[in-house]
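Listed in order, the protein sequences are those of chains Z and D. In terms of this note's numbering, the first sequence opens at residue 1 and continues consecutively. In terms of this note's numbering, the second sequence opens at residue 1 and continues consecutively.
Simulated from the structure, these hints should not be mistaken for laboratory data. Using N, Cα and C, we set each Cβ at its ideal position, and we do this for glycine too. Among the clues, some could well be false.
Said to hold, decoys possible - To spell it out: a stretch of chain Z is covered by chain D in this simulated footprint if at least three of its residues, at any positions, have a beta carbon under 8 Å from a beta carbon of chain D; those stretches are:
| # | region |
| --- | --- |
| 1 | 48-58 |
| 2 | 84-92 |
| 3 | 116-124 |
| 4 | 253-266 |
As the list claims (entries may be wrong) - With a straight-line cut-off of 25 Å between C-alpha atoms, the simulated DSS-like cross-links for lysine-lysine are:
| # | chain 1 | residue 1 | chain 2 | residue 2 |
| --- | --- | --- | --- | --- |
| 5 | D | Lys135 | Z | Lys44 |
| 6 | D | Lys261 | Z | Lys263 |
| 7 | D | Lys306 | Z | Lys109 |
| 8 | Z | Lys36 | D | Lys108 |
| 9 | D | Lys41 | Z | Lys109 |
| 10 | D | Lys109 | Z | Lys52 |
| 11 | Z | Lys216 | D | Lys281 |
Said to hold, decoys possible - Have a look at the derived ranges for each label pair, beta carbon to beta carbon:
| # | chain 1 | residue 1 | chain 2 | residue 2 | range |
| --- | --- | --- | --- | --- | --- |
| 12 | Z | Tyr191 | D | Asp103 | 38 to 46 Å |
| 13 | D | Lys108 | Z | Val323 | 42 to 50 Å |
| 14 | Z | Lys44 | D | Arg185 | 26 to 34 Å |
| 15 | Z | Arg321 | D | Gln265 | 53 to 61 Å |
| 16 | Z | Val133 | D | Ser22 | 28 to 36 Å |
| 17 | Z | Lys49 | D | Asp103 | 49 to 57 Å |
There are 2 protein chains.
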Amino acid sequence: MNKKVTFSDIAKYTNVSKMTVSRYFNDPGSLTPETKGKIEKALKELNYKSNKVAKILANGRSEFIGIIIPELFFDYYSQVLNEILTTYNDFNYKFLVFAGNHDQELEKKYIEELLAYQVEGLIILSYTLPSEVLKEYNIPIVTIEREDQYVTSINTNNYLGAQLAAEHLIQDQCDILININSFVRENVPAYDRIRGFEDTCRQNQIPCKIIQKNFKNDYDVTYELLDSVYQHLESEYSNKRKGVFLSNDNYANIFLNILIKNKKQIPEEYEIIGFDNTISKESIIPITTVAQNIQKIARSAVEELKEQIESKDSEKKSEIRHVIIDPQLIIRGTTGKNSYTAE
Amino acid sequence: MNKKVTFSDIAKYTNVSKMTVSRYFNDPGSLTPETKGKIEKALKELNYKSNKVAKILANGRSEFIGIIIPELFFDYYSQVLNEILTTYNDFNYKFLVFAGNHDQELEKKYIEELLAYQVEGLIILSYTLPSEVLKEYNIPIVTIEREDQYVTSINTNNYLGAQLAAEHLIQDQCDILININSFVRENVPAYDRIRGFEDTCRQNQIPCKIIQKNFKNDYDVTYELLDSVYQHLESEYSNKRKGVFLSNDNYANIFLNILIKNKKQIPEEYEIIGFDNTISKESIIPITTVAQNIQKIARSAVEELKEQIESKDSEKKSEIRHVIIDPQLIIRGTTGKNSYTAE
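Bound conformation, chain Z alone:
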């Protein structure tokens, strides 16, 4: 029952030549609708299974792409992954997904395995391996939102995002602007969220404070750290209207909860802006946020990779490109003049 059905079997069954069967697979346009229909029917009745593995060996085209992500707990990563996976319908790539949890050796081992399976390219969101190392693999690579000096990348316009946030807080007449971030290196795209924020404050001559904490990937740690930031802001800027821009929606949500528990008026005493547009809508007060265009980021990543894959065999090597996608400010209840509190 599981015996392999060959072109000969199909030819015999349909009473056409093996050549015709071969043309059905490689040049179907050259056949009449009748012949095509006959072969199609035979494939079903014979329970024919195509073997793509043999094709990979023949032409090296596996149609596999590896995706390397840090983990899926941050909504941002799940959403990007989701959008990449849904490109299947348009590009037909099959995605081998790996969540490395920052284990460098394991990530290397995985990538090397993928190469042995002749994946055609890699989309990399994890930041475990420097781009200089990635480049050495010598296959098509696109990174998203991580250090990217030596490879092609798709990143959000983080500078613009921070600028939009700062301008909005300034327009809402906040007296002091605060940026809460984890420790990001200067060579990482997300560092532009600090640069853009600082520059905009400076240009508008508004006091600006950058606060960086080692948040880790843990709710309780983050909560404690943000609670200490709150205490600090209360003692330092007690009578000022505080505009707070946090580096993601999860932090923004926790910070909002701390403010509500301390009976702070929002947006009168504090304005809050998050980043990513993931859970910000589901907070007790829907949070104003900078929305990355995740669909466009994911699609551009696959398109850039496809271009690299297709130009791989040609003479002209495709050059390294850094594609920047503009984000958008989504205004909700934690900013603006409208009074909105949970009470």
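Position chain D relative to chain Z; hints supplied.
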């Protein structure tokens, strides 16, 4: 530079026989440490790349497993996927992931493609294709938390989860118990959340109300529907202490926000219990919830699949099994006698 390095090349380079090189790959224990070291060094220096594609053709062992999920917007799916992916370190399976968004034809097309690539098995969380259809693919399959009559499955003990929730609400002296759910079919594991809730109420002679709504996968729709449920409960059970059990944390969070905005006392007027332990911790009041043991579910799925894969060639066909994993009630601020409100 990219020319393929063969066993002959390695043999020449190391001055050992081709047979010895072959044994390095297939029976390394039979070589002395010196010989092994010599070959290892040569592989590095020659930049040898193994070709696993040829091995798939030779022995049919692709080490690929397909994962079919509906989408990644529900945290539950991302978390299960994350846990499955991290089994790579122990089982060495590589996962081809597909998010079908309930498109039956596309899902079929994808699965058939995977078969052509000789994936060794499928883990299926989507509910687009009935298990009777899945069975026909005739390869190792494990489903998670979906209709599973004809295939092996891993499910949470949903009945126990609902029972724990109901018992907790009864113990907290709620007067009326309410279960809010989407429309789930009776042949789906999650339907046991209704059965377990109803049975427990009946056994304890506590009034019980099942409310089912067509929530769709949309925040605004869900918010409107839950707001109408809130209005209904207020008018029907105004002076009663209401114990509300919702079918996931996202719904529980939205319902909690509606209560807080309406200045309801929690847990005095309303007690709330969610399901999944995903975002419940991050709500304005941390929500009591039924936590699925996602790590165990994911691991069991891979283990069950592995068993099927390994017994595939043997005479004894492995039987269909339905593995049930117990969940756990995590008690937080939305239940219990301790008074805790946002104000």
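Tell me the numbers of any earlier hints that the structure contravenes, in ascending order. Violated: hints 13 and 17.
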